[in-house]
Amino acid sequence: MNAMIFAAGLGTRLRPLTNQLPKALAPFNGQPLLGHAINSLKGLGIERIVVNVHHFATQIIDYIESNDWWTEVLISNESDELLDTGGGLLRAQSLFIPNKSILVRNVDIVTSTNLESFIYSHQQNANDATLMVKNRNTSRYLQFNNDMQLCGWRNAKTSEHIEVLACDHIKEMAFSGIHMIEPHLLDKLGGKRVFSIIKAYLQLAQDMQIRGFSVADDDAWFDVGTIEKLRQAEQYYKSGK
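For the sequence shown, numbering that gives the first Met the number 0 begins at 0 and goes up steadily by one.
Hints in this document: simulated from the structure, not taken from any laboratory. In this text the structure is predicted, and so the values were computed from the model without any measurement. Among the hints, erroneous ones may be present.
[As the list claims (entries may be wrong)] So the derived label-pair ranges between C-beta atoms look like this:
#	residue 1	residue 2	range
1	Leu81	Asn145	33 to 41 Å
2	Leu16	Lys191	25 to 33 Å
3	Glu171	Gln58	36 to 44 Å
4	Cys166	Gln234	37 to 45 Å
5	Asp206	Ile169	28 to 36 Å
6	Leu16	Thr137	34 to 42 Å
7	Arg230	Asn145	23 to 31 Å
8	Leu43	Ala165	32 to 40 Å
9	Ile226	Leu94	28 to 36 Å
10	Asn145	Pro97	31 to 39 Å
11	Ala155	Pro97	34 to 42 Å
12	Leu164	Glu64	40 to 48 Å
13	Asp61	His160	38 to 46 Å
All C-beta atoms, glycine included, are put in the ideal place defined by N, C-alpha and C.
Could you put together the complete structure from these sequences and hints?
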């Protein structure tokens with residue numbers, strides 16, 4: 000199995016911490032966020048991890064190359080242009096082990112969710128893509144039908160709405176920054192160079208199994224893209240919960 004960690008972001012919400020280092024190297028619980036993200040994948044059967052880089056790319060590359068990881072870790076370099084999540088996946092396509100699933104996660108997500116259950120659900124349902132989602136407040140909701148097939152998207156602030164499938168009973172969930180895809184899905188992403196993978200999922204949901212995996216309400220989940228959230232996540236882990 001492959002994995003990809005999105006680590007190319009500018010980290011603007013973490014300033015001034017990210018004025019001198021990339022978000023991926025922000026300290027968390029005694030190690031950089033990237034180290035936490037890589038180690039969160041241990042024991043899942045991951046044979047290769049691809050990390051994309053852009054902001055302070057050299058620092059991330061040096062960090063990866065100076066450590067002895069438990070699996071192979073490769074770099075997808077976006078120093079020339081930030082490609083967003085969809086474009087980042089396409090840029091990395093040639094680096095993945097062929098014909099093997101890809102577990103994708105953001106570097107700034109900290110969660111207590113059991114990833115083995117997530118992977119098992121993806122495989123058992125033979126999904127083309129599985130999105131980890133949670134019942135929580137957000138400004139942008141993914142919408143699913145009773146089978147958890149992706150059918151739409153809604154911006155709670157602007158009321159913008161995208162419907163890709165008719166849904167009688169809509170479940171609105173928040174994306175958790177972790178997803179799993181089959182390699183053939185990447186072949187459907189051609190056309191644009193810079194694009195969001197979520198928008199691509201919405202376009203593909205009419206013809207492919209793009210499903211949500213809802214985690215338990217009491218599972219811890221933090222988007223540590225701000226200093227406040229980073230400290231909250233650290234306190235959670237230090238409490239031993």
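Results for each hint:
Distance hint for Leu81 and Asn145: a CB-CB separation of about 37 Å, consistent with the stated range 33 to 41 Å. Separation of Leu16 from Lys191 is about 32 Å and conforms to the stated range, judged on CB atoms against 25 to 33 Å. Distance hint check: the CB atoms of Glu171 and Gln58 are about 38 Å apart, consistent with the given range 36 to 44 Å. Cys166 and Gln234 have their C-beta atoms about 38 Å apart, which keeps the hinted 37 to 45 Å range intact.
Between Asp206 and Ile169 the beta carbons are some 20 Å apart, a value that contradicts the proposed interval 28 to 36 Å. Restraint check, Leu16 to Thr137: a C-beta distance of roughly 24 Å breaks the suggested window 34 to 42 Å. The beta-carbon spacing between Arg230 and Asn145, approximately 39 Å, falls outside the hinted interval of 23 to 31 Å. Look at Leu43 against Ala165: about 36 Å separates their beta carbons, and that is inside 32 to 40 Å.
The hinted range of 28 to 36 Å is satisfied by Ile226 and Leu94, whose Cβ atoms lie roughly 32 Å apart. Roughly 35 Å separates the CB atoms of Asn145 and Pro97, a value that falls within the hinted 31 to 39 Å. At about 40 Å, the CB distance of Ala155 to Pro97 agrees with the hint of 34 to 42 Å. Taking 40 to 48 Å as the suggested C-beta distance range, the pair Leu164 and Glu64 conforms, at roughly 45 Å.
In this structure, Asp61 and His160 meet the distance hint of 38 to 46 Å, their C-beta atoms being roughly 44 Å apart.
Of the numbered hints listed earlier, those contradicted by the structure are 5, 6, 7.
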